[in-house]
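Okay, here's what each chain looks like letter by letter:
There are 2 protein chains.
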Amino acid sequence: MAAAAAISLLNNGDLASSVNSLGTGRYASVYSEVQNSRLDHPLPLPSVLCTSFKVVDGPASSAAGHPEEIAKLFPCLYGQPSASLVPDASGDVAMNQSLKIGVVLSGGQAPGGHNVISGIFDYLQTHCKGSTMYGFRGGPAGVMRGKYVVLTPEFIYPYRNQGGFDMICSGRDKIETPEQFKQAEETAKKLDLDGLVVIGGDDSNTNACLLAENFRSKNLKTRVIGCPKTIDGDLKSKEVPTSFGFDTACKIYAEMIGNVMVDARSTGKYYHFVRLMGRAASHITLECALQTHPNITLIGEEVFAKKLTLKNVTDNIADVVCKRAESGYNYGVILIPEGLIDFIPEVQQLIAELNEILAHDVVDEAGVWKKKLTPQCLELFDLLPLAIQEQLLLERDPHGNVQVAKIETEKMLIQMVETELDQRKQKGAYNAQFKGQSHFFGYEGRCGLPSNFDSTYCYALGYGAGALLQSGKTGLISSVGNLAAPVEEWTVGGTALTALMDVERRHGKFKPVIKKAMVELEGAPFKKFASNREEWALNNRYINPGPIQFVGPVANKVNHTLLLELGVDA
Amino acid sequence: MAAAAAISLLNNGDLASSVNSLGTGRYASVYSEVQNSRLDHPLPLPSVLCTSFKVVDGPASSAAGHPEEIAKLFPCLYGQPSASLVPDASGDVAMNQSLKIGVVLSGGQAPGGHNVISGIFDYLQTHCKGSTMYGFRGGPAGVMRGKYVVLTPEFIYPYRNQGGFDMICSGRDKIETPEQFKQAEETAKKLDLDGLVVIGGDDSNTNACLLAENFRSKNLKTRVIGCPKTIDGDLKSKEVPTSFGFDTACKIYAEMIGNVMVDARSTGKYYHFVRLMGRAASHITLECALQTHPNITLIGEEVFAKKLTLKNVTDNIADVVCKRAESGYNYGVILIPEGLIDFIPEVQQLIAELNEILAHDVVDEAGVWKKKLTPQCLELFDLLPLAIQEQLLLERDPHGNVQVAKIETEKMLIQMVETELDQRKQKGAYNAQFKGQSHFFGYEGRCGLPSNFDSTYCYALGYGAGALLQSGKTGLISSVGNLAAPVEEWTVGGTALTALMDVERRHGKFKPVIKKAMVELEGAPFKKFASNREEWALNNRYINPGPIQFVGPVANKVNHTLLLELGVDA
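Protein sequence lines, in the order shown, are assigned to chains A and B. Here the numbering used here is used: the first residue of the first sequence is 1, the next is one more, and so on. Here the numbering used here is used: the first residue of the second sequence is 1, the next is one more, and so on.
Quick caveat, the hints were computed from the structure, so don't treat them as lab data. One thing to keep in mind: the hints can contain errors.
Put simply, identical chains are the same to the list, so a pair is met inside one copy or across any two.
Computed list of lysine-lysine pairs in PhoX-like fashion (alpha-carbon distance at most 20 Å, straight line) [what the hints assert, rightly or not]:
no.	residue 1	residue 2
1	Lys269	Lys174
2	Lys406	Lys435
3	Lys238	Lys527
4	Lys427	Lys311
5	Lys269	Lys147
6	Lys238	Lys516
7	Lys323	Lys425
Whole structure, please, built from the sequences with the hints as guidance.
Written as structure tokens, this is what we have:
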């Protein structure tokens, strides 16, 4: 294969002189030894995908909530059964007709996206010879504008088992208005598409289902299959045990956290406040806690359920710092989910009031404007460190709103804990030294080389999506299950996207949504964490997971969250 | 071995119930699979250390500068030859007498420190049966206060090939005053020490030599041997080709940078400004550039040599951003050494003036105080982003000085480039979108699991230090060379610490110093970078090194800087 040869020449870390005619980023690039070693990493398939199989439908499905509304929103697709692939010697899905299939990446990066595409491609090459595959460029906008690249073996090869979404890139546009549906329709017709695979998160999969409904309602042959993607891990259900990318991202963050822990213990004088990506749900933070055993882990869902205030959170941290000081430990590691303050109702209230006031008033130096705050919001505002107060007042988005996402929660908490400890010091309740160090781990994890698990899982998701499309399915999300078992025993099929949906009332209308799967306080991962955290808080049970290994006996380990949710105590 | 058994029980990531009687952090802890897999990682030794050998002295040495002053400061040790181990069947160093040896970790963490200790220990176990080894706790203060732990096979085992310094911990105290020398002397006498190994950076090795001189001048039998440690990579010479920890730390940072690069290319809309640890020299930044090919890399030594101003640096970045925008690339990755602003003379001048003014004046809102700044400093001050101005004025250390180390250079540069690009936009010279994302990679790299290179190199450094002590040497730094060759062919010996020294005038006296090895603009690593950087700036030649691998064909790769300095084009 030309591409393989081109790549293997570039082993030595030097600049490539060869730039191939396709002009893609990867061909013009150089690969590290590790990147190179991943290109030919063998990907085992679930055994059902290795033989002749047929697609078996389950019972009619319902919805996650408000089935009658979902039925109205999806008149063609509502109620359709989930599908399972089962081995079948007669092989009803061995028709070997050629297909025209598109694929699109939607939303933020997650390790493994390239393998989903490879999986679809390889399925078509094996089972539907003569097929054509289109990669829509730059996300859903590429579908609407008909911007695509024809995928070939040479084009795909350099992206196998590689991180990033740069093969065709992604985008955050949505296909949801009638005009946008029409544009997508035109592309589907122009390319004579038999199917489209949408690789995305909860929103993107909701929109994928709307598109499937739209195509079906117009009697277009184009089927739409979704794939569960997000490092946040909040797109999952009984049939979709995990979203891809979560495993790799958590392992990368856990590597860094583990290193910081060893540093904390070696240095003995810093509290490291580590904020982790994941704005909506705290799965990443919880998984990293299970992998590394930090002294304190804040879980947004728990903060919300317990209606904690920022003062509560600060006091809880200060309590642990004081107790640890009694044991002579003046260091520690604290994990904070990116979305923490979204879970604190009083902060939401303060921000709402600030937005209202700042829209109409000037912020006078004398602080007269403050009098417009309700007493409890004023109290909270005064509790905030000066730098955060200024940030709230000065840095606003183009609509004039306070930019919550820009608040560096880890730095804010360091300052608040510092202030609290100073007060305790004055009362004689604490007499050690507190020094905070802040970290934010985010972008480092979204495009890492996918772990063996994500590589294999994504390949199966893509391969399965190909099978679903070939068998004429639409409005399903590719579902690979039984993930605690060896790969050969993994199940493959598709779940009705409508079955994952509920509705939300927006602007007086019902809108379908796939609800984000939040951390369940009664779920096995949280319970395991909760039963250990006191031990982790006061003693030092740090674990350093180390860098992701791709070969050797430790390479195939799966994340704790998934295993615990599958009933396996990792 | 009891420890081995205890550890292997802890494979499953669960809490250990067994805490051994020594009560160390590691025993009470749990290991990840990767940590566990490293415990028994085989460490090849240079072949000269596997057979009988003798120590051969080279010619008399001089000093790196002002030999006559160094000779005065080290009357006993000055001029002593370097020592090389050579195979010798008669084996003059096979006396097999038992020794009492101490070891101390000094200064910041670097991956591999535990392996230096294991190397010394294993040397003594093999060649000096019946020896006792003391690990001084908490750095040089442990030597002065006589705080130590007796090292045993069981105690050492859990730290083999593990990151961190937590086996005995480190500290930043120095042994340099007569009183402190006396304390160290008392400990040496009390423990009847034959030798002490000081594992540290340039300062620590300077002090190790002063201690060696002191012991020798008082006819104490205690010999002192240094070991070159620092992730910064700035302790090196012809005989000491690299300091340990540099290889691992750079690989960890490069993993993160590579991931961020793939993210930048996939997202297509962010400029990532990555500040990297390394305050004095820019070796880490240069090495990471060679590993990853960023669009822009600032090297402090070059900024200094070219007498660049902050405005120059800003303009240079803005130029690349504009040129890339012409090619449709509105993203990129920029590496910045932690110590950048220390290399910009005008910033030093501004800080000096600020310290002077702030010591005597109040900072009035109206800005009258500003009139005391010289015109060029006033201009620079006004060029700085508001947040940085405030930081300079408000956050001062206990002596009232501006805290340069706290300036987040990456954020400062983002804001300055933003301002510059806004101005160019108004002139019609730029019409794209610039969005900066800031990162600081530091603590993540100091305590990672050591790479195979650092594991092996450190073990040889320690083993060699044992041999030097056994053969009666003092005032040498353990030196392992020929590192581009297979491990068996590595050379082992010791270099006279006085040969690395020059003097600096401080408080009217000459003080000996081992000069930090800065990035040489005529050296092979910088030249390779310089000859490629234009290509890297405008095109996207990103390399993603991926996570450190411990097994497989890619596990034994050595960093570019070392290889290039050894004349090998990596």
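Now the hints, each set against the structure:
1. In the homo-oligomer, the alpha carbons of Lys269 and Lys174 lie at most 20 Å apart only across protomers (18 Å), although the nearest pairing inside one protomer, at 48 Å, exceeds that limit.
2. Proximity of Lys406 to Lys435 under the C-alpha cut-off of 20 Å is restricted to the inter-copy arrangement: shortest distance 13 Å between copies versus 23 Å within a copy.
3. When the C-alpha separation of Lys238 and Lys527 is checked against a cutoff of 20 Å, the pair qualifies only within one copy, where the shortest distance is 19 Å, while the shortest distance between copies is 57 Å.
4. Only within a single protomer do Lys427 and Lys311 lie at most 20 Å apart by alpha-carbon distance; the minimum there is 18 Å, versus 49 Å between protomers.
5. For the identical chains of this complex, Lys269 and Lys147 are inter-copy neighbours only, at 19 Å across copies versus 54 Å inside a copy, given an alpha-carbon limit of 20 Å.
6. Taking CA atoms no more than 20 Å apart as the test, Lys238 paired with Lys516 passes inside one copy only; the shortest distance there is 13 Å, against 59 Å between copies.
7. Taking CA atoms no more than 20 Å apart as the test, Lys323 paired with Lys425 passes inside one copy only; the shortest distance there is 13 Å, against 55 Å between copies.
Taken one by one, the earlier hints all hold for this structure without exception.
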